[in-house]
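Asks: Dock chain B against the given chain A, drawing on the hints supplied.
Protein chains: 2
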Amino acid sequence: MKTRGIRLRLAQMEVIPADPAANTARMLDLIEAAKKDRVVLIAFPEMAIPGYLIGDMWEREAFLRDCQAAGEQIRKASKGILVVFGNVGVDWKRKNEDGRVRKYNACFVAHNKAFHGPSKGPYPFVIKTLLPNYREFDDSRHFCDVRKLAIEEGKKMEALIAPVSVNGLSLGCILCEDAWDMDYGVSPLTILGKHPLDLVLNISCSPFTLNKNHKRNQVFSRHAVTLKTPLAYVNNVGLQNNGKTVYTFDGASCVYDSHGNEVTDLAPFEDGVITFDLPTDKKAPFGRPVTLTEDGITEIYQALRYGTGKFMRLCGATKVAVGVSGGIDSAVVAALYGTLLKPENLLLVNMPSRFNSSTTIALSRTLAANLGCFYTELSIEAGVRLTAAQVDRLDIRSPDGRLRKSLKLTEFMKENVQARDRSARVLAAVASAFGGVFTCNGNKSETTVGYVTFYGDLAGYLATIADLWKWEVYALGHHLNDHVYRKTVIPDACFTLTPSAELSPAQAVDEGKGDPLHYPYHDRLFASWVEWWNRATPEDILTWFLAGTLESKIGYAGNLRSLFPTNAAFIADLERWWTLYQGMAVAKRIQAPPVLAVKRRAFGFDHREAQTKVWFGRRYEELKRKAME
Amino acid sequence: MKTRGIRLRLAQMEVIPADPAANTARMLDLIEAAKKDRVVLIAFPEMAIPGYLIGDMWEREAFLRDCQAAGEQIRKASKGILVVFGNVGVDWKRKNEDGRVRKYNACFVAHNKAFHGPSKGPYPFVIKTLLPNYREFDDSRHFCDVRKLAIEEGKKMEALIAPVSVNGLSLGCILCEDAWDMDYGVSPLTILGKHPLDLVLNISCSPFTLNKNHKRNQVFSRHAVTLKTPLAYVNNVGLQNNGKTVYTFDGASCVYDSHGNEVTDLAPFEDGVITFDLPTDKKAPFGRPVTLTEDGITEIYQALRYGTGKFMRLCGATKVAVGVSGGIDSAVVAALYGTLLKPENLLLVNMPSRFNSSTTIALSRTLAANLGCFYTELSIEAGVRLTAAQVDRLDIRSPDGRLRKSLKLTEFMKENVQARDRSARVLAAVASAFGGVFTCNGNKSETTVGYVTFYGDLAGYLATIADLWKWEVYALGHHLNDHVYRKTVIPDACFTLTPSAELSPAQAVDEGKGDPLHYPYHDRLFASWVEWWNRATPEDILTWFLAGTLESKIGYAGNLRSLFPTNAAFIADLERWWTLYQGMAVAKRIQAPPVLAVKRRAFGFDHREAQTKVWFGRRYEELKRKAME
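Those protein sequences? They're chains A and B, same order as listed.
Numbering-wise (my numbering), the first sequence opens with residue 375 and increments by one.
Numbering-wise (my numbering), the second sequence opens with residue 375 and increments by one.
Isolated chain A, as found in the complex (with noise of 0.2 Å):
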C-alpha cells in the first residue's frame, strides 16, 4: 500500500449460526466474484464459518473439525487474493481450562493458499485478545485468552500481538472486542500501533444494539485518528440467539481514514458487499465526518421486524396467529407481523369474557380490517365457565375418606383462569389448526414485574416486543402509522384507551380503570433497576426521591409528591414492584419465550438473575426507616 492502492472489500454477509457448509459456499461465491473484479482484500466478519451464538456447539469435535475443513477450502480458494475471515482456531495438542480441545476465537488471513499469522506467534491465525463476559457474551467459556497463552508460553504478549505481514502489507488484524479497549488492561490496538501498518481490519460478530453504531463511531474512529492508519470495519448480518435472547446483527461495516472519517454503502441489516480502493497515501483523507445522532424508533423497528422476519424463517413459521385484546402492544404486534406476512398469513383472535368492553372488541376488529388479515372472535365464557364449574367448589378426598376438603378458586384465581384460557386453550388451538404459531405480545414493563400470567398471556413462540417499554410501544404503534403503513392502521383509540388487562369489573376501561402501573413514572423506575450500566437499586430510588431529584435521575416528566403524597405511599409502591422483579417476575421469565433484543440488557441471557429472596439492603432498611418516621 505505500507505493498503490488498494481495492478492499468488505462482505457484509448473513451468517447462518452453526451452518459451517452454507456459510463456506457463500464466501467461496464471494471470493470468486472478488478476484473477478480486481479486489486485492476481501475481509468476512468475525466467526463467519461456525458463527458465533451457538450454545455449548464448540464442545462437539465433529463440529469442530467441519469448521476447520471449511478453513481449508478457503485458504485452498485464496490464489491471488487475500482473504480475511474468522473461525474458530483449534490447537488439537493443547487443552482448555475445561479439559476440552483448545480453542481460539481467530482471524485467519489466507493468501496464494497459506495462512499466515503474527510472525513471532504460535499458530497461522490472530487470536482475539479481548475476550468479552458481559451482557450476552461467554467468550471465555470456549476460547482460550492471548494473556493466558502468554504466561503458558512465557512469552510477552507483545510477542503475540503483531501485524500480519503478507503481499506486501502489514495488516493489523483484530476482532470485535479488541477495538473496545477502554475497560481492559490490554489494548492490541496500542501494542499493534508500535509497528508500521497500512491497515487496520477489525472482523466483528456484533449484534444490533440501541445507539451502539454511534458509540462505535466515536471509538473506532479515535482509534483510526490514534493509528494514523485508516481502520475497515466488517460486521455480519443476521440473527443469532443464545435461546432465551434472540439478536440481530446490522452490519454497519465501514471503513474509517486516518482522520476518523468514514465511508460506508450499505444500509443496516443488508446483505451485501462494500467495495473500496484505499488511496495510496495511508493519511490521505477519503470519508466523511461521522454523524453522531442517536438511534431512535426508527432503528428500532428495523431491527425488530428484520429480527422477526428472520426468526419466523429460523422456526419455519410461515402464518402468525396473533391474540388480539384492543389494546396497545398485541396491535402493535399485529401491525408489525402485516409489514411481515401476506394478509392470508394472518390472523388475529379477540378472544373476550364478560369482561371485555364492547369498545376493545370493536378496537381489534378495526384493526384487522385496517390489516386486511383473518380476524375471529372467539369467547373464552364457556370455557371459563366450565373450568370454574368443574374446580370451584371440588370436594378432594384421600382415597381412604379420612382427608376431605372443598376447594375455592378466588376472584384473582379466575383472572388467571381467564389468561389461560386465552392463550393455552384457545390461541394455541386456533394456531396449530391455522398452521402457525402464536405471539407473545407482553412488553418489557409487564416483563420487568411479572404482570402476567403463566400458561396465558405470557406464552408464545417469539415474544416480539418484550425489548420495549411501554413508552417504546406507544412510540413504535406511532411509526408504524405514520412511517410504515403511512395510514391509520392501529385505531387511535388504542394510544389513548386506559390500559387494562381486562380481566375483572376493576379493570373496566370505559371506566377509565386498568393496570396498577403508572406508565410514565414506573417505565423509569423499571429502566433504572434493569437496563443502566450501574444499576439503581431501592438504596438508589429512595435516597433520591427524598432529595427530590428522583424525578430528573430517572427522567420522569411528571412530579412524584402529586403521584405518592406520603414517603409511606411512595415506599409501598416501591417495594411492591422490586418485590415483584426480583421474585415472582423471575419465575416467569424463566418460563417465558424467547425475547427479541434490541437494547441493552435484554431479559434473558443478558440480564441473569437467579430466584432469591428478594435484597432491599442494609442502607435502604435505615433511608426507610427514617423516612417513614
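Worth flagging that the hints you see were computed from the coordinates, not collected in a lab.
Be a bit skeptical, because a hint or two may be false.
The list treats identical chains as one, so a pair stands whether inside a single copy or across any two.
Said to hold, decoys possible - Below, a list of computed lysine-lysine pairs in the DSS-like style, where the Cα atoms sit at most 27 Å apart:
1) 861 x 450
2) 477 x 522
3) 469 x 494
4) 716 x 1000
5) 530 x 477
6) 453 x 782
7) 987 x 477
8) 589 x 469
9) 693 x 987
10) 467 x 522
11) 656 x 602
12) 453 x 927
13) 586 x 927
14) 1000 x 529
Replies: Structure of chain B alone, referenced to chain A:
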C-alpha cells in the same frame, strides 16, 4: 502448629444466596460458639456472605457495600480467633473489564480484628486464581483473574499467590477450583507448595453432582500427599440457582492428613460444624483411607429430596398438586413429595380422557391410597370437546369478507389440546384453589427430545426429575419403595406398564402400545449426546454402529441390529431424535420450568444452546451415504 496442635472448625453452614444479613448473623453466632469451644481457626465456605449463584446481583454496588460491611462485622468479631471466610473482594478504585467496579472471588483471613493477605499481594485477602467458566459457572463474568492482575501489576504469579502468615501459622488458602488444577496453565497449589505450609484450606461453594465427591477425594488427597500437609475442605449446604437450573449443595466437608487419608463427621446436606484437633506434627497420620465407591440412586434421592424441599421453601410453596397418570414418572414425583409433605398438603390429580385406560386410573388411585394424601379425578373430556367444538371447523375471515377459511384440528393437534387442557386449564386452576403449586414430571429422556407439549406436560413450578433418564426414574421408584417407605407405595404395575402418553388409540397401554422411545437404548444414546464430557455427535454414533461397537460404547445391553434390521432404519431413528434434540426440543427447553440438577449437564445453564438449523456434519453425511448404498 510446629509446636502445638490446632483446634480447627469447619462450618458447613447453609448459605442463603443474596442474603448477606442472614448469612453474617449466622457466622457471628458460629464464631462466638467457636471462641467458647477454644477453637483456634474457624473456616467458612466460599462466598459465605453473599452466596455464589446470584445471577448479576454482583453488578449492584449497594449489594457489594452490604457484603463489605458484613465482612467488617466478621473482622471485628475475630478477636482471639482466626476466621477464614469467603466473600466478594471489592477494589473501588479499579475497574473490571466490563467497566464496572473491580471484584474478586476472595478468601478473607481475619485475626484479632485485622485482615491478613499474602504479604506481597496488593490486597488484604486471597484471590481465587482459577475461575471456572464451564458447566453452570461464569466466574469470569464478574470476577477478575489473578493472571490478568499479574499482567496489570507487571508482577509474576508467584508474587500474588503466597501463604497467609498469621498467628504463627502459614496458611495456604485457596478457593474451590484452585485445587482442580489439572487442566489449567497455572497451579496455585504448586506455587504455594514452594513455601513452608502448616495447613492448606480450601473454601468452596461446590454443588452436588453425582460422583463428584469421589473424584474430589482422589484429587484432594493427592494434593495433601504431594504437599505433605493436611488439607481442610469446607463447603456449604443449601440451595442456589441461576434461574433455569437449580443446584443443591451437599457440604461433604472434611480434612485430609498429609498421607491423603480423610476425617469427616458430618452427613452430606447437613448443616453443622466439624471440629478437629490437628496434631502438632503436620506429618502425623490421623485420617482413614478414602473409600472410592461410586454414588448411586441413594445419593440422587438425597439430593432430589433435599433440593425439592429447599426449593419449595424458596418459592413459599407449602402445598403441592401432582398430575398423576398412572405412569412411573408422575408416581415417582408424587412419592418424592410424599416424603416432604404431610398427606393433607399433597394432592394427586388424575385427569383422564377417553384414551386413558382404567388400568392407569386405578394405579393413580392406588398410589394416592398408599400415600394417604388427597386425590381427585377430573376428566378433561368436556374441556377437550369444548375446544374442539370451538376451534375445529371454525370459519375465519377478514372483516371485509375477502378472505375466508375453515380451520381443522388434526388428530395430532388434538393430542396437544389434551395435554394443555390437563396442565394449563385444569391442573393450574386446581393447584391454585388447593393453595399450592403443581409439578412438572418430565424426565431427562423426554426433555432431551422434547417429547412433551408446550403449556401441557412441560408446565410446572419445578421440573423435579428432569435430570434423570428413564432408567434412573425406575431406579428411584424402587429406592423409594424399598428403602424410603419400605413398602409398596408406587404400585408394582407402574414399573412394568408400557410407558405411554395415552393421548390416542395408538398409545393404548393395555395393548402394550406407548411412547416411540425404546428407553433402554435411547436413554444411553441421549446420555452420550448430553452428558459425556466430549459429547458424541451423529458422526460418532453412526461410526460406532457401523463398526458394531455402539452397544458397548454407550452401554446398551441389547443388540441394535435386532432393533434396527437395516442401516436405513437405524439412521432414520438417529436423525429423528437428533433433529428433535437440536430443534424443537430447544424451543421447549427455553420455556421449561427450572430443572433440579443432580448430574453433569442438567438442562439449562449447564447445557447452553441456541435455536439453530440442525447440524449433522460433513463426515456424518459421507458415512450415511456409504451406509445407505
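Asks: Next, verify each hint and record whether it holds.
Replies: The hints, checked one at a time:
| no. | hint | in the structure |
| --- | --- | --- |
| 1 | 861 x 450 | neither (54 Å within a copy, 70 Å between copies) |
| 2 | 477 x 522 | both (13 Å within a copy, 19 Å between copies) |
| 3 | 469 x 494 | within (21 Å within a copy, 31 Å between copies) |
| 4 | 716 x 1000 | neither (60 Å within a copy, 43 Å between copies) |
| 5 | 530 x 477 | both (20 Å within a copy, 25 Å between copies) |
| 6 | 453 x 782 | neither (77 Å within a copy, 58 Å between copies) |
| 7 | 987 x 477 | between (38 Å within a copy, 23 Å between copies) |
| 8 | 589 x 469 | between (36 Å within a copy, 20 Å between copies) |
| 9 | 693 x 987 | between (42 Å within a copy, 19 Å between copies) |
| 10 | 467 x 522 | both (16 Å within a copy, 24 Å between copies) |
| 11 | 656 x 602 | within (8 Å within a copy, 63 Å between copies) |
| 12 | 453 x 927 | neither (58 Å within a copy, 44 Å between copies) |
| 13 | 586 x 927 | within (22 Å within a copy, 49 Å between copies) |
| 14 | 1000 x 529 | neither (58 Å within a copy, 48 Å between copies) |
Of the hints listed earlier, those the structure fails to meet are numbers 1, 4, 6, 12 and 14, in rising order.
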